[in-house]
Structure formats: C-alpha cells, structure tokens
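K.L.:
Spelled out from the first residue to the last, the chains are:
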Amino acid sequence: MEQVILEAKNISKQYHDPVTTNVLHNVSFSVQQGEFASIIGKSGCGKSTLLYILSTMDTDYEGELWIEGRKMTGRREAELARIRNEKIGFVFQFHYLLNEFTVLKNVMLPALKLARYKESVIAERAMEKLDILGIRQLADKKANLLSGGEKQRVAIARALINDPMIIMGDEPTGNLDKKNSTIVFDIFRELAEKFSQTLLIVTHDMEFAEKTNRIIEMDDGRVIVHGS
Amino acid sequence: MNFKLLTDIARSLLLARWRQTLVAAIGVTFGITMFITLLGFMNGLNGLLDGLVIKRTPHIRIYNEIRPNPSQPITRVEEHKNSHHFVRSLKSTNSREQIYNASAIIRTVKQDKRVLDVAPKVSTQVFYNDGAIDIAAAINGIDIAAERKMFYLDEYVTAGKAEDLKNIPNSVILGKPLAEKLTADIGDVVQVTTVKGDRFPLKVVGFYQSGFSQFDKTISIAAIPTVQKILGKSADYYTDLQIKLLDIDKAPAVAKEYAKKFQTSAEDIQTANEDYETGSGIRSMISYVVGITLLIVAGFGIFNILNMMIYEKMDSIAIMKATGFSGKDVKKIFIYIALGIGIFGGLVGLLLGFGCCVLVDNLPFKTAAIPTVTTFPIEYNPLFYIIGISFSLATTYLAGLLPARKASRVDPVVIIRGK
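Protein sequences, first through last, are from chains G and H. Residue 71 in this note's numbering is what sits at position 71 of the first sequence, and the numbering runs on without skipping anything. Position in the second sequence counted from 1, then plus 228, gives you this note's numbering.
These are computed hints drawn from the structure, not numbers from a lab. Be a bit skeptical, because a hint or two may be false.
[To be verified] Below are the DSS-like pairs computed for lysine-lysine, each with C-alpha atoms no more than 27 Å apart in a straight line:
1. H/556 x G/87
2. H/283 x H/404
3. H/404 x G/118
4. H/394 x H/424
5. G/118 x H/232
6. H/232 x G/142
7. H/389 x H/377
8. H/489 x G/87
9. H/377 x H/338
10. G/118 x H/559
11. H/232 x G/141
12. H/484 x H/338
13. G/194 x G/178
14. G/9 x G/42
15. H/424 x H/319
16. G/178 x G/87
17. H/232 x H/338
18. G/87 x G/211
19. G/87 x H/404
20. G/42 x G/194
21. H/232 x H/559
22. H/445 x H/319
23. G/211 x G/179
24. H/445 x H/409
25. H/283 x H/594
26. G/142 x H/559
27. G/194 x G/211
28. H/309 x H/484
29. H/319 x H/489
30. H/556 x G/71
[What the hints assert, rightly or not] Computed list of chain G residues with no C-beta within reach of chain H, every gap over 12 Å:
31. 4
32. 34
33. 84
34. 100
35. 145
36. 146
37. 164
38. 170
39. 213
40. 217
Glycine is no exception: its CB is placed at the ideal position from the N, C-alpha and C atoms.
Okay, chain H solo, but in the shape it has when bound:
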C-alpha cells in the first residue's frame, strides 16, 4: 500500500515535469545505447578475430620437437641425482619429426571423454619452383573430412573445392598470394622441390584466404597421402596430431598430461596464442569504460534535475511531512523518481542499442583478407543487456541518493513558517 502510494506520487511528480524527465532519460538512453552498441561491436570483432585464430587452431597440438635427449647417461647415475650436470656439445640426436606410434595415440585420444575430435597432419618444407625462382613454403597434409569438421576448412577455401584434394592425386590448394607469385591458376601444375632435393609436380585445385597473409604466402594445403608421397614416407607418418577439446579452458592441463603420457611435446592453444587473448580483453575493457563514462555523465544530469525538482517541490515535501509522511517516505519518493528515469531511459536505451547493433550488423564490410565476412561483426549477448540495465539502475540510484537525502531532511516548519 505504502509502496503503491509512494510510486504513485513519484510518477505524478515525474509526469508533471515530463520535459525535464525526458531530457534526463535521454541522457541515460544515449549512454545505454552506446554501451550496448560498442560492446556488441567490440565483442563481434573479438569473435571474428578469435574465430580466425581459435576456430582454426587445434586446442592441443601433439608433435615431436627436435631437441637433445633429456635422458643423458649422467642423469641415470643414482649418486649424482641431486647434483647439477654439465654436459658440453650436446647435439639433438633425433632428426625424425615423426610421431612414434601415432595410430595408437590417436586411438587413445579418441577414447578420452574430454576430447571432441583429433586429426593427424603431416607438414613439410618445400620450394616452389617458378622458372629461375624458388619460393620457400610449407605444405600441410591434412585429413580433409576431419579438417572440415574441426577447423572449418570450407570457410576459407575461396576457389575450387576441398574434396578435390582427395579425389585428384597429387593436388594442392595454394594460398592466394602464393598462387599470384607463381602465376598459377586452377588446373595448372606447379613444381616443388623437397628438402632432400627431389622434384615433384603438384596440380593446383583451389585457392584459400585465411585472413592472415603470412599464412597464405607460405603455407599450402594437400591431402595427407600426397605429402607422405612427397616425403617418401609410409602411411603412418604423421608430424602433428591436432586435438579439439569440448572445453577449451582445459587445454593446458590436458596438454601437460598428454605430453607426459605419450612422451612427446604437446602445446596448448592458450600458450600458443597468448597475445590474442590480451587484445580481446583490452577491447572489451575499452567498451566498458566508454559505456560507464557515458552513464556517469547521464547520472550527473539526473542529479541536477532532481536537485531542481526538490527546490521546486519544497512546499509539497513540507506538506507531505506535515501530514504524516516520514523522511524515509520522502526519500523513497525521490529515489523512485530517479529509478523511474533509469528504468525508462535504460529500457529505451536497450532497444535503441539493439537497433544500432542490427544496423551495424547490416552495414557492408568487405575485406580482401577475410572473404567470408560481408558485414560488420556484432555479438548479440543477452549478458550485455543485463549489464546495461543494471548499470543504468545503479547510476540513477546513486545520482538520486544525495538529492533524496536532502529532500528527506527538509524541515517542514522552516518551509511553512517561511511563507
């Protein structure tokens, strides 16, 4: 009853000054609109960039790093176990990049409940020969079906079809800039020289553009058997195992576990792409800061308007207190007024923010690097909207607090006797 009465009075006071109210609410609306739009856009951008990296990067990569054997004879001597060992001129003994027992590892990993999928890969360095020029590049031999499912291969193959790698023997998909350097078109045959000096012809069946020109210039894609053939290796020769997990956050722990279990190297995505995470975090932070700044400015507007309203309504406050409204009631009325502005302005802001997001989402955005993207990226996350309305309520509440306290302390005797 009391709540209804107080909100009723608050509403009447608001409506009586609807123009001022509107100005105050527009301040909040503007703040929230910008907040939602910025956050949606920044996170959309983050999503796009993360998508480029994270979507196409295995969560864990198992490979064989070339390094000196950590188990040297001296480490096996029991009495020197806790001593520091000096071994000079240590050489990496093992030049094989092959993962030992790869098929057994694949089987084991596939049974792990945390793992979404695993795909083998063979990569090697080659030279593309174009007349007198040799261009250093890498060829990644991939499992087409798995690569499509796990790393969205089709999204960045821009010309030709990925299946052709499987269907046409000795075929390759080149990065667009590399193809331009080689002046190779689809259907042409290019020559490669392996590290060991063998020459090998490959048929171009497509081009890809990943969004990273460094990759596009130096890496080309072929089927696993093709690369194994180039290297002259058997069908169980794999240099990498790419694993995707159900929960990306578990990658560091699982990577450590696999490295120990399979006695090989395992790198997790977080370690490999630390800088991307940092960039995303900073972009989000900027949008929060801008949004909050706008809301604080709006808060000052509300503060001013409430202060003015209190001076205008001094008589009303005095008579309400004389006829039995306590200081607390009066304070509540003014807090409700502030919150009313916050709710109204905030909700309109959410709607407008959503509208702006839709608008930006439909603006054409073409970039040569990422051919699959045609409009600006936007993320529609309900969380932004929840945060937005919470912020608007919090700022308006705080803006209303001081004036409301002032109103609650109005001494009716002073006002009434002053007349």
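Bound conformation, chain G alone:
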C-alpha cells in the first residue's frame, strides 16, 4: 500500500540575518507510509532546516506542506502543536529529557497531553515501548541518572508513545559513540521492519544513511537525489 503521508510542495526559505540568503529553493518531495528514509548532505545544505519545516515547528517558509492529505501551511500554532502531538515523534541529537521526571513519566508526557487514553493505560503503553527498546528496568529512574545511549533510547520511546504517523530524527546518533549508534540504528531498523513505522532521519553519517531504504541527498538548498 503506497500512500503519501507527507508532502512538500515548492518549499523555499530565506534567512534575512545578516544578509538575505536562500537556504531552500523550491524543495518538493514526498514520503510514503512505511518508508525508512534518510536525508543527507553537507553541513549547511539546509537539510535540518527542511526537517523543521516538515515537522510544522518552523512556519516561516514559502510553499506548502501537506500531512496525510491535509494542508499544514497557515494553520494556527495551537493546532499545529496538536498535530505534532498526535502525528509526529521526534528524536533529536540531544535527548531533551525532563530531569525533574522519571523515565516513565518522560515517555508518558506527550500521551498525557494527547489524553487519548486513561493515565493507567498510558503508563502500561509506555512500559511496552520501553520494553521494545530494552530499557524497561530504567522506568523508575530519574532521567538525569542515565547514560547518553540510554537517554537517547528513552527519547525514542517518547517519540513512539502516541503511535505517530512518522518519526523525524535530526542527527539522532550524532552525540553517540559507535556502539550506541549501532543500537539506535538497529532500533530504527526494527521499528521500520516489524512495525512498518515511517521514519525520516536527517544525518551527515553516510554509513548510517546507506543502511536506510531511501536516501534523499541535498546540496545548497536543493534536493539533488530523491532516492526511491
């Protein structure tokens, strides 16, 4: 079943500070359900900028963004926040866990916000996600007591909690050593194959990208290879 879930139509973006520079030139591409895609390119080619536009967090662009057949461009902030909450899971280079909370609570937060299930159900689901990532035993620990690799896995569990339509990653292995990078990649691979989770990962790590199913290459604000 080939279904387009994310589509960028002629997206351009300019930075005006200090001088006007075009970071994205009429970028158009789409992501289909179940794809494990990576965006690669040199530093400064606009790949992260593109990702943040696709994630709905950055609304300052020209062109149109469609998610699941709905136009995202021009919607209000609160609406976009709700869509992110429900449809998109994030994994960043840095883990961004809330140190005040336990691992379990960190994973639960986006689901508590969505409030699709009761709190007890959410806790159960969060435990399931931690299970998938093999860190069930860390559930009651405070987030700041974990190692870097563990933190990143908790961040992935958090991204999964609302069963998102797509997981977006911005250099998710950028801060990790070789061993942890492999673990994180294997988790992505497993999610893609076992749960047919759609993933879109920005990376500059060629080795990482080559193992994904589709490579989108960018250069100087343009998509030069669309992959397949």
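Assemble chain H onto chain G, guided by the hints.
P.N.:
What follows is chain H alone, placed relative to chain G:
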C-alpha cells in the same frame, strides 16, 4: 486532564528548584504576615478609639439649643415671604434648656423601630468649692440603668459602684483628675455652687476614667433626681435625650426627622465626631499601602525567579512544544508556578499573620487613661484574611504573567537547532 497534567508539570518544576521557590514564597509570606498584622493592629486601635467615642456617644442627641426664635413677626407676613429680612438686635428669648414635653418624646421615640434605646439626661454647670478655690465643672444627671446598657458606664467607673448613685442620695462620681484636684476620696463630701448661687453638698461614691482627661477634669456624674434637685427643677426636667439606633449609619437622616417632628435640635454622631472617622480612615489606608508595597516587592522576587527558571528550563520548554504542548499550555504552566508560590506563601503568611496578631494581642499595654485595656488591641476580621490572600494571588499572577508570556513564545526550533 490537561489541567492536571499542567499543574503536575508546574509542581515538578517548582519542587526541582525548591530552594529558590522557598525564597520567593518567603517574600510573599512576609508581605502577607505584615499586612495581616498591621491591618489587625491598626483596626484594633481604631476600634479602641472608636469604642471610646462611639460606644459612649449617643447616635442622636436631642436638646434645646438657645437661639433666637426663627419665627419672627416679619416672617409671617405673606407678601414678604420671598424677600430677605433684616432684623436687628435680635435676642435669644428662650433661656430654658429644658426639652418640652420630654416624656411624650421619649414614648414616641421608643416606639420607633429603628431605635435601640433612649435615655434622658440632665446636665448643668456648677462650681466645686475647695477652700478658697472654685473649679468650674459640669454635672451630668443620668439614668443609671439605661446608661449602663447603652454607654457601658461600668467600663469606665474605676472606683466605687455606679449603683451607689441611685442608692445613696445626693451622691456623685467624679473624674479621677478632678477628684485629685479636690483631694476628695470616696465617702467624702464635696461642696458645689450652682449657676444661680445655691450651695449643695454631694457625697463622692466613685471615680471614673473615660480615656479623655478633658472629660474627666470637667464632668462628673450623678443620678437624674440629684441634678434636678441641685437645679431645683421638677422630675420631668431633662436637658438632653440620648438615642441609640440599631443602624448607626441612619443617624443623620433620623436626626433631621426628629428635629422637625419635635421642633427641637437634634445632632447626629457623624456630625459631632467627624474628625474621628477621618483618623480611622487614614490609619486603615496606611496599613493597606504598607501591605501592598511589601507584596509588590515580593512580586518582583517572583518575577526574577521565574525569569531565571525560564532560562534554565529552555530545553524543557522546547521539547514540550516540539512534542505537542502549545504556547498556551506552556504559559499556563508558568502561571501555575507563580500562583503556586502565591498560594503557598500566602497561606503561610495568613497563619503567621494570625500568629503575630495573637502575640500582639497578648502583649501588655497599660495606659493610665484607659484602665480597662491591658493588652494591645487587635481586630480579627476574616475580611483582612480574604483581602490578604486575594492580594497575594493577584501580585503573584501579575509577576508571573510576563515571564510566562516569554516562555510561551520560546521558539523550539531556535533552541533545538542551537545545540
């Protein structure tokens, strides 16, 4: 659900920084404590002073003022009704201070539903003779039972018993300073000379201290028949009727009505004691101003701490916004944090304020002028506590508003990409 989640996050952020939170809360606590204590003390003081005046002053005093008859022959001439009249060398014709038909007035007034009670009074000027010295003073003849009920006579009679005025004929209660001047003790007989020149012996049965030495020096108290006897008047001779109303605020209106109805003069308490009201108002205002100032200072503390917290928690704000919390949610979280500090600090402040009030209430405070008062006066009015907690919530809310708005505008992209 959303509310619970947001308060939960706010609480966690607060507890994670509990030391800063505590400092902020202590600021609020201090403000509220001082506010409650000051207000309680100031109003206690007001109550004490008002008590001296208002408790012992009739709400309406009916008396016969000596003045020229307002109804002169020319005023009755119909054709000059709207003209200005010049009448020269007009004299007060009526030197009688007696209230005409006093018993009928008393009866009528007692039937009025707005009236709590009415007591007649006879007052006259006399000279106390002590050897070669004459001391000018007034004697108030009072109805002992009514005076006790309406004006708390027993509270300021400090030596002897008020009943003795009734039981012992020709007896008097002197103000303490007057008694000292006359070197009169209880049981002694003092001589008075009336305005008309008659001499009259009076037996001292007690002393009083009203809190106003001017009164104590110049006014002494006797039973109505005693004063009527001094003046050589009959039993229906009264110079004043003292009225207490159920609602003191109605006094001016009722006084006007009675003046017209009984064709005499009637003075209400508000007109007679204007300056006391002003003093009370200013004292209350000062305590409000001090309290609010302290709270505003506390508000700046909260503002600072929240601002710092936002810089510290930039990452958390960014990820919350990335994972679906809207700007509004983030703003609410920080408002809840501010209000949390306000509620916690405010409630502790109320408790401490109450404690301080109890403490001050038990501090000994002795003054020769007011012998019935032994400790500092404090008023425990629930309204102060309600105002206190409202103020603390209002200031903390306002202090939290700006930082919260700042937090809600954090752009997650800037934070996350900045790493």
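K.L.:
Hints broken by the structure, by number, lowest first?
P.N.:
When the structure is compared with the hints, numbers 3, 8, 16, 17, 19, 20, 22, 33, 34, 37, 38 turn out to be violated.
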